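> Please take these sequences and the hints and turn them into a complete structure.
Chains as they are written, first to last, in the working numbering: chain A, 1 to 213; chain B, 1 to 154; chain C, 1 to 736.
For the record, the hints were derived by calculation from the structure and aren't laboratory data. Wrong hints could be hidden among the right ones.
As the list claims (entries may be wrong) - Calculated pairs, EDC-like style, for lysine to aspartate or glutamate (alpha carbon to alpha carbon, straight line, at most 20 Å):
| # | chain 1 | residue 1 | chain 2 | residue 2 |
| --- | --- | --- | --- | --- |
| 1 | C | K667 | A | D86 |
| 2 | C | K292 | C | E469 |
| 3 | C | K667 | A | E184 |
| 4 | C | K291 | B | E18 |
| 5 | C | K191 | C | E691 |
To be verified - Simulated coverage check for chain B against chain C, where a stretch passes if three residues somewhere in it have a Cβ under 8 Å from a Cβ of chain C:
| # | stretch |
| --- | --- |
| 6 | 18–29 |
| 7 | 38–49 |
| 8 | 94–101 |
| 9 | 123–132 |
Claimed, not checked - Pulled from the structure, derived: some chain A residues nowhere near chain B, Cβ distances all over 10 Å:
| # | residue |
| --- | --- |
| 10 | R89 |
| 11 | M93 |
| 12 | P133 |
| 13 | I168 |
| 14 | W180 |
No experiment lies behind these values; they were computed from the predicted model shown. Every residue, glycine too, gets a C-beta built ideally from N, C-alpha and C.
Below are the chains, spelled out letter by letter.
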Amino acid sequence: MKIDKEKKEITKFRLPVTLSVIGLFLIGIVSAFSDDAHYTENKEIAVLVKKDSARSVHAFKKVYAVLQSPRCMNCHPSGDIPLQGDDSRLHAMFPKRGADGKGILAMKCTNCHQAENSAGLKTPPGSPDWHLPPANMKMVFQGRSAPELAKQLVDLKQNGNKDLKALIAHADDGLVKWGWNPGEGRTLPPISHAEFKEAWITWLTNGAYAPAQ
Amino acid sequence: MNSIRINKKEYTVDVDKEMPLLWFLRDYVGLTGAKYGCGVAQCGACVVHLDGEAVRACVTKMKRAIGKEVTTIEGLSENGDHPLQLAWKDVDVPQCGYCHAGQIMSAAVLLRERPTPTDQDIDDAMAGNICRCGTYSRIRKAIHQAAELQKQKG
Amino acid sequence: MKADKTTLDRRSFLKAALLAGGGLILRFNWPVGNAVAAEKDHTAPATLNSYIKIHPDGRVTLFNPNPEFGQNVKTSLPMILAEELDVSWDSVQVEQADFFPEHFERQFTGGSQSIRRAWPILRTAGATARQMLMLAAAQRWSVPLDEISTATGSLYHKQSNLKLSYGEVASAAAQIPVPKNVRLKTVADFKIIGSSKRNVEIDNIVTGKPLFTSDYKKEGMLIAMIVHPASFGREITSIDDRAVRQMPGIKDVFTIEPLLRDYKKNGFDVFSYGQIAVIVGNSTWEVMQAKKKLILQLSGPTGNAQNGKPDFLESTGRHYAAMEQASTQPAQVKRRDGDPESAFKTAARIIERTYTAPFLVHNTMEPVSCFADVRADHAELYAPIQAPEFITKTLSARLGLPKEKIKINLARMGGGFGLRAYGHHVVEAAVISQKIQAPVKLMYTREDETTYGIYRPSYSATYRAALDENNQLIGFHIKAGGIPESPLHENRFPAGAIENYLAETWSIPSAITVGAFRAPGSNFIACAEQSFLDELAYEMKKDPLDFRLELLKRAKERPVGQRNDYDADRYAGVIQLLKDKAANLARPARTGRGTAAYFCHNTYAAALVDIGVKNNEPYVTQALAVMDCGIVINKDAAINMAEGALIDGIGNALYGEQLFKDGVPLKSNFNTYRMIRMHEAPAKIEVHFVENQDNPTGMGEPLFPPTFGAVANALFDHTGKRYYRQPFVKQSGEKS
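Here it is as structure tokens:
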């Protein structure tokens, strides 16, 4: 049900956008923004923003590959149970998200996950304040297509009220950076953190366009 | 700062701060109620309360525990009469007994936060504690019974 | 009721004395031994390894020399004694075999033998003490013995309204010669047996008191850990300990040979490696850290034609290929009834199915550990061990100390399941203590234990059924084997129920060590057999339980063959009761139901599970068990054991598996070795007992094997697909 609803929304907003960028329809591009209001609010940042759909789409492909990698997706599950492992299976003890994303009852994330990775293979990874997105802002990556995820990432109602500046800053968030220091035996995201950050900012500051699918 | 409160008593920590709390408790304080089962936060035999949360002592290092309040199974109640301990006895839960300190300490957080837990709450709270003897159905029963006892005590 | 015949030699069996400080002590021999050892030794004078004390204040102390690993013998066995003694359970204190050095003979918990063997002895001992108290009262009151009655620790002479407590005559009773013939209670008079008594250790468990070997501490004690070769079939050639010696808290690093090279091993001497490395230090964590830095140099495969072990390093894929090949080759015939070859030749239809199962790890919640303090002239140990008798022999030979100078205190065991019949860790701890001349506690990490071996073997069984043109069963063939042992029990059901029957066995040598695991052999073959019978019934369009009952009827009325190791009536009894109980247990929507029955360890057991799907995986929603283990001693404890056997069986059937690559066990901890958890265990379990007056038999093992079969059959009922290969849930991230 939920997925159907989201698809409808996308269809709704895609129409005017594809018309406006008619010259690029062959590769199929959408803007993640339903309108331009979000990032022009901040004037300082607004001057940086260019509308370059080709650069933006190219950059988002890289961003998307990172966000769909197990290191990022495992804590952005579609359900309320985190995933684990390179095969992104359900976390063995079925810990639940909880309202604040920090687990519930005797199964709070930090009961096992420390401020740093535990030593050894398949031991609890860690970073300060290990948690999932909260229940009222789930920021699901799992199962999201590129245009869906692009739209979600810049939607204040779905991204934790992050404006462009906050989104750019988020590339250096501790939990985000943990993805490149995930502890023994875990596959890294497909590109380096520097490359990711560059692609992330390029995507955001060039109109946040994404491939149509 | 080098002190830690364990079961309402102050201790000075003069071991490597990388040492897990479990081994400080067992080897240095002499509290052996929390058990070593896996060392990698998989089985829950080592669960103690750290500022009230059911942490796995086997992966919780001293550098995190210092300055905090620790409660182990030995300090859960004055006279072994926490509702969970009473219910555990009444239901006669254990077989080998090794995992039960951890089970009870996990259940204690469950009961504190969910005084009338459902079966789903019990699944959600207790899935991190392994019992090879297979006493799960009795653990479930004892938790429900402890919730009743807790209510009666008010 | 069936009368109990006790063929006990009372002169050596019972001895009374006055207790220091007053009261009666009746010493007796409690042969808690493993059946084979005890029966072999029956002419030897019995050791008085247990006692009943009746104190002047009325307290009763019973001494239980049985090792305890969770099967509740520490509670259930004294109940038998208290029953015949006729005291209230509340007045009874049970002492464990701690610090009881000189009487190690036949202390063994395992094979579900404890209750079965203790039954006549404990009843006689209890009844004898009671009779002595009655004789003392008769003297005191000058009345005939048969006018005296007892109830809950008191003696009565109803005619003259006289009453004495046991305590009041206990000292006088101690002067009376031990009577030769005592009368046992009738089952109808039982008050304690058949009731439910709480685990006598429960207060200590729920308050976290030190009960286990790993909790033990002694002044000046050092901590030792081992590092064993990573791969079965390889041995240590040298160690590089340079990094380790620099580490804080490390005292010593060396290698040991746990056994002398010319030592003749007994059955429980399973040592996976000839040599292991040892690190000794001040604290557990420091030694754990050092373990990671120790480098072992290993030899190539040590197998060869002389020692019969493979000359290559073993892998799971190769194991299965070898088992598949073995199952197509002629094997050793263990039983042949009628003319099975002709039956298969003339058959209108042959159904053939092969079942396999992996190596399993015991996964006791407490990893093995042992305390040892070995001095020049004596040794003291604190050990979790199911068979101290056997390990004392091994220790004596290895340490060069006489057996009577070796004292083993038996700790409560954090799980057994067969693993703690093996005492490699006990010997290792003693050898380390002897070498460093200090008291030492040897601790295995979870990884050490999971990768050390002594696994449940890997098995394969091929079943063939010959059906005639009327779809009737005319021939049955089982060919079973394993690495390195076969699970075949050729005289078990359905042998005896089929005219033309053939049973063959094979085995494949391996460097991987194996040992007893909750209901050895049965824990696989029950699943294979019960799956096959289920499928056969389905193919023959019969109800699976009725099909089994039909076979048992034949086995009872016209048994085939000379020796059939089961009682067809009792076997049918559990199946019939399961049928009745199942009829009243509604199967939840969207679940499948499976049943199975088996007989092993003298007890008949039947299991039912209902399986649905939760989180894309099979999930047992409810389970039901029926057991015929004779008289049930401690009802609630028996139910607890049954519930545990069901859950353990479900968990191992769905998830249990150890894998190998180049001799290396791939699973080393619970992060890769999946164990059943709370949310995966059935929330509802029913346990029923066949009520009869047969002597009690084992509880710990018999229900475990049929549970696997019930799971397989329920999976079929739910999915329409037969499951032939354990574990039934594919492990994520792994190919198999």
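> A separate judgement is required for each hint: does it hold in the structure or not?
These are the hints, each one checked on the structure:
no.	hint	in the structure
1	C:K667 / A:D86	holds (17 Å)
2	C:K292 / C:E469	violated (66 Å)
3	C:K667 / A:E184	holds (16 Å)
4	C:K291 / B:E18	holds (16 Å)
5	C:K191 / C:E691	holds (16 Å)
6	18–29	holds (count 6)
7	38–49	holds (count 6)
8	94–101	holds (count 8)
9	123–132	holds (count 9)
10	R89	holds (15 Å)
11	M93	violated (4 Å)
12	P133	holds (18 Å)
13	I168	holds (32 Å)
14	W180	holds (22 Å)
The earlier numbered hints that this structure contradicts are 2, 11.
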